[in-house]
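Build out the structure end to end from the sequences listed, making use of the hints.
One-letter residues, chain by chain:
There are 2 protein chains.
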Amino acid sequence: MSEQSVSIKTTGKVIQSPCGPIIHGLEDVLVKMTTISDIDGQTGRLWYRGYRIEDLAENSSYEEVVYLLLYGKLPNEKELAEIRERLAKNRELNPATVEVLRALARGHPMFALEAAVATEGAFDPDNLKLADALRAGRYKQEEKELALRIAEKLVAKLPTMVAYHYRFSRGLEPLRPKPDLSHSANFLYMFFGKEPDPLATKAVDLYLILHADHEIPASTFTALVIGATLSDLYSIIAGAIGALKGPLHGGANEAAVKSYLEIGDPAKAKELAEAATKPGGPRLMGVGHRVYKAYDPRAKIFKRLVEDYVNKFGDPQKLFAVASAIEQAVLAHPYFQQRRLYPNVDFWSGIAFYYMGIPYDYFTPLFAMSRVVGWTAHVIEYWENNRLFRPRACYVGPHDQPYIPLKQRS
Amino acid sequence: MSEQSVSIKTTGKVIQSPCGPIIHGLEDVLVKMTTISDIDGQTGRLWYRGYRIEDLAENSSYEEVVYLLLYGKLPNEKELAEIRERLAKNRELNPATVEVLRALARGHPMFALEAAVATEGAFDPDNLKLADALRAGRYKQEEKELALRIAEKLVAKLPTMVAYHYRFSRGLEPLRPKPDLSHSANFLYMFFGKEPDPLATKAVDLYLILHADHEIPASTFTALVIGATLSDLYSIIAGAIGALKGPLHGGANEAAVKSYLEIGDPAKAKELAEAATKPGGPRLMGVGHRVYKAYDPRAKIFKRLVEDYVNKFGDPQKLFAVASAIEQAVLAHPYFQQRRLYPNVDFWSGIAFYYMGIPYDYFTPLFAMSRVVGWTAHVIEYWENNRLFRPRACYVGPHDQPYIPLKQRS
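These protein sequence lines map, in sequence, to chains A and B. Using the numbering used here, you'd call the opening residue of the first sequence number 1 and step up by one each time. Using the numbering used here, you'd call the opening residue of the second sequence number 411 and step up by one each time.
Worth double-checking, as some hints may not be accurate.
Output of the computed footprint for chain A on chain B, the stretches with three or more beta carbons under 8 Å from beta carbons of chain A [what the hints assert, rightly or not]:
1) 416-424
2) 433-447
3) 482-495
Calculated pairs, PhoX-like style, for lysine-lysine (alpha carbon to alpha carbon, straight line, at most 20 Å) [said to hold, decoys possible]:
4) A:78 to A:89
5) A:9 to B:423
6) A:129 to A:140
7) B:488 to A:407
8) A:9 to B:419
9) A:78 to B:817
10) A:13 to B:419
11) A:278 to A:268
12) A:270 to A:258
13) B:722 to B:604
14) B:728 to B:678
15) B:550 to B:539
16) A:144 to A:129
17) B:668 to B:728
18) B:688 to B:678
19) A:312 to A:202
20) A:202 to A:178
21) B:678 to B:668
22) A:73 to B:817
23) A:407 to B:483
24) A:144 to A:73
What follows is a set of in silico ranges between Cβ atoms, one per label pair, in the way DEER data are often shown [to be verified]:
25) A:360 to B:539: 14 to 20 Å
26) A:279 to B:810: 40 to 46 Å
27) A:54 to B:582: 55 to 61 Å
28) B:554 to A:290: 24 to 30 Å
29) B:424 to A:86: 37 to 43 Å
30) B:491 to A:397: 23 to 29 Å
Honestly, the hints are just simulated from the structure, not real lab data. What you are looking at is a predicted structure, and each value in this text was computed from that prediction instead of being measured. Glycine included, C-beta positions come from ideal geometry on N, C-alpha and C.
Shown next as structure tokens:
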């Protein structure tokens with residue numbers, strides 16, 4: 001094809017190179033069209049398949065949201081019962097995956113998840129069948145349905161992987177999934193070994209709903225880049241987990257909780273917020289967001305849940321009290337107002353996990369458990385009009401360096 | 411930052427969306443500057459750090475090329491001796507990784523490599539140390555040197571993973587690496603269980619040199635996208651392996667060999683090449699290249715090696731004879747001449763592996779064993795001026811869909 005010039009708008013940094021401009025980090029560069037999720041950062045709104053996140057958080061279960069994101073519509077009663085059954089049926093892991101999780105018992109769970117997902121993929125006949133079809137250039141209705149079923153399997157299996165790893169890491173035997181429990185209740189059961197309090201289940205379910213998709217951050221982009229090679233869905237998700245592991249992506253709710261523990265006293269919040277406005281001052285964890293220039297809608301929703309949780313179970317480490325005081329101080333301060341910096345979802349979500357007794361290392365695995373549906377939905381959407389990602393680098397080094405024999409090199 | 415328009419040149423397909431143009435697959439879009447490798451597709455030239463691939467193939471070992479790509483200069487005798495020693499010392503795997511490879515014995519080796527790399531990363535204290543430093547926003551000389559040492563470890567360990575998996579898959583016990591053997595000789599020793607013929611060692615070493623870097627195809631881009639989140643180097647490489655696994659990226663040399671076996675007779679080559687020029691005709695495997703519009707320089711080099719190999723050991727399945735006949739037919743035919751379609755490196759490389767007795771499934775793992783150095787070099791280069799990749803999707807779905815209660819949905 002002949003060369004053409006395309007005008008791209010960006011608010012990011014543009015680096016001039018001898019080969020042309022480089023939009024650093026591809027900020028604002030469009031890579032696809034989507035009907036999966038949309039964010040209005042200016043007004044603080046988020047939609048999944050056109051539905052307001054508030055409506056979904058209020059009325060739906062995670063299973064329903066999984067159906068919505070994968071199939072593009074809310075399920076009716078029959079469809080919901082069917083996907084619940086498929087998800088429940090697919091929770092079990094291949095024995096090889098269990099062995100891999102056991103071998104990784106003393107490693108960080110994100111590494112364990114990467115390895116476990118790759119292992120499960122090696123032995124899922126559907127995954128191998130779809131990969132063979134893609135290799136042969138075949139991607140019709142049958143293959144698309146297969147891809148959706150594999151996506152459901154990944155959604156179903158990730159909680160088992162996370163819970164098994166936790167059990168192994170503590171020297172406990174894993175508990176097999178209970179098909180009669182909901183997705184979130186079963187996760188907590190497998191993790192802690194007892195049927196959970198309904199409010200804890202609600203907290204996990206709400207967290208999973210709120211994090212299920214968010215357009216294309218780095219982990220979703222990783223999934224797309226791997227997916228576009230027509231690699232298999234498990235390898236794609238293993239790669240996305242590797243990206244979510246990066247501190248510039250996941251991990252903010254852990255940092256927020258740790259900062260509340262360190263602060264310890266709500267009375268310090270105002271002074272701290274003031275200090276954070278000064279050059280070289282402390283950074284307030286979970287405040288501000290790359291996209292949201294209004295109050296993160298997910299944060300609003302999750303805050304109410306955390307409030308219910310501490311009302312029921314108490315706030316012994318004053319995490320909610322400290323966070324609420326910081327929130328008040330931030331919302332009242334002109335510095336944050338002018339810069340449109342608001343608490344984001346990470347500001348609140350770690351508090352619930354902490355009080356439930358979920359160790360820090362499992363916060364980001366919970367994120368993966370939720371986002372896996374967004375990752376797979378985006379790849380399946382991209383496959384409708386697939387194109388290998390093949391950007392370029394601008395070479396700025398020398399050419400035709402004289403090759404000096406080894407013995408003569410200084 | 412305020413919005414600006416940037417003019418990007420592309421020969422790719424541009425999709426118009428309501429949010430602006432989408433350059434499909436980011437074709438030709440610049441994402442970084444580099445001094446690692448350069449390709450001149452028009453004249454068929456390739457440089458690593460400014461050195462012609464022909465000079466390196468003729469004079470250097472893979473270990474030397476690893477040093478060149480990571481450190482930016484050819485090593486002197488002392489530096490080469492030191493990197494050889496470090497690579498040899500780092501070949502051993504963590505016992506957990508051995509367990510993971512054993513659990514994956516019956517799975518495809520690419521899944522096993524993904525899982526093994528993630529596992530090894532979970533237990534490499536250097537990897538965890540660097541990840542902690544990156545998390546804390548620290549990336550100075552000490553961290554950069556640590557990253558280079560980790561890159562060397564990955565180069566050293568991948569062949570052990572591949573060989574162990576092969577041994578387990580055949581019900582054989584793995585052989586521990588021999589530090590006195592070269593990188594390539596040791597790989598073949600661990601794989602086949604005997605010290606290799608020097609020409610086989612040369613073939614592997616040459617293959618590893620020729621595939622060590624090639625600007626930023628999808629696997630390297632995957633490494634950059636994951637790397638930019640400041641995830642750890644093992645997770646980055648596990649992700650890149652997942653991308654290399656995709657049939658639109660790796661796997662072409664396997665397809666080429668299989669086609670030669672199927673053709674079986676050099677006398678059929680002319681007719682076949684003719685048929686390939688017709689609509690709906692057969693596709694010639696390993697002919698044509700996205701970047702090279704001249705004879706792929708790596709193909710020229712590797713062809714000579716394959717010729718030496720069959721001269722010494724014979725051509726019992728006529729793979730070289732068939733390939734040579736196809737090459738002649740292609741080079742002589744105006745259809746291929748006009749479209750500048752030449753045999754690429756995949757056209758030849760599989761023949762050597764096939765005759766060595768390396769099973770098809772291990773062809774792409776060998777690619778990973780080579781390219782791991784390019785992947786790590788590119789990430790380390792990008793970290794000098796890191797920026798999270800955050801492209802956008804254009805939302806084209808509805809907004810504010812009315813939420814219909816479950817019982818009322820049709």
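Do the hints match the structure? See the list:
1. 416-424: Held - the stretch 416-424 of chain B has 9 residues with a Cβ nearer than 8 Å to chain A, which meets the minimum of three.
2. 433-447: holds (count 15)
3. 482-495: holds (count 5)
4. A:78 to A:89: Holds, because 16 Å separates the two Cα atoms, which is no more than 20 Å.
5. A:9 to B:423: 18 Å, holds
6. A:129 to A:140: 13 Å, holds
7. B:488 to A:407: 10 Å, holds
8. A:9 to B:419: 14 Å, holds
9. A:78 to B:817: 10 Å, holds
10. A:13 to B:419: Holds, because 18 Å separates the two Cα atoms, which is no more than 20 Å.
11. A:278 to A:268: Holds, at roughly 16 Å.
12. A:270 to A:258: Cα-Cα ~18 Å, so holds.
13. B:722 to B:604: 19 Å, holds
14. B:728 to B:678: 12 Å, holds
15. B:550 to B:539: Given pair residue 550 of chain B, residue 539 of chain B holds - Cα atoms ~13 Å apart, limit 20 Å.
16. A:144 to A:129: Measuring from Cα to Cα gives roughly 12 Å; hence the hint holds.
17. B:668 to B:728: 12 Å, holds
18. B:688 to B:678: Within the cut-off at roughly 16 Å; holds.
19. A:312 to A:202: 13 Å, holds
20. A:202 to A:178: The given pair, whose Cα atoms are some 18 Å apart, holds under the 20 Å limit.
21. B:678 to B:668: 15 Å, holds
22. A:73 to B:817: Measuring from Cα to Cα gives roughly 15 Å; hence the hint holds.
23. A:407 to B:483: Holds, because 15 Å separates the two Cα atoms, which is no more than 20 Å.
24. A:144 to A:73: 16 Å, holds
25. A:360 to B:539: 14 to 20 Å: 19 Å, holds
26. A:279 to B:810: 40 to 46 Å: 42 Å, holds
27. A:54 to B:582: 55 to 61 Å: Given range 55 to 61 Å: holds, Cβ gap about 59 Å.
28. B:554 to A:290: 24 to 30 Å: This hint holds: roughly 27 Å between Cβ atoms.
29. B:424 to A:86: 37 to 43 Å: 39 Å, holds
30. B:491 to A:397: 23 to 29 Å: With a Cβ separation near 26 Å, residue 491 of chain B and residue 397 of chain A satisfy 23 to 29 Å, so the hint holds.
Of the numbered hints stated above, none is contradicted by the structure.
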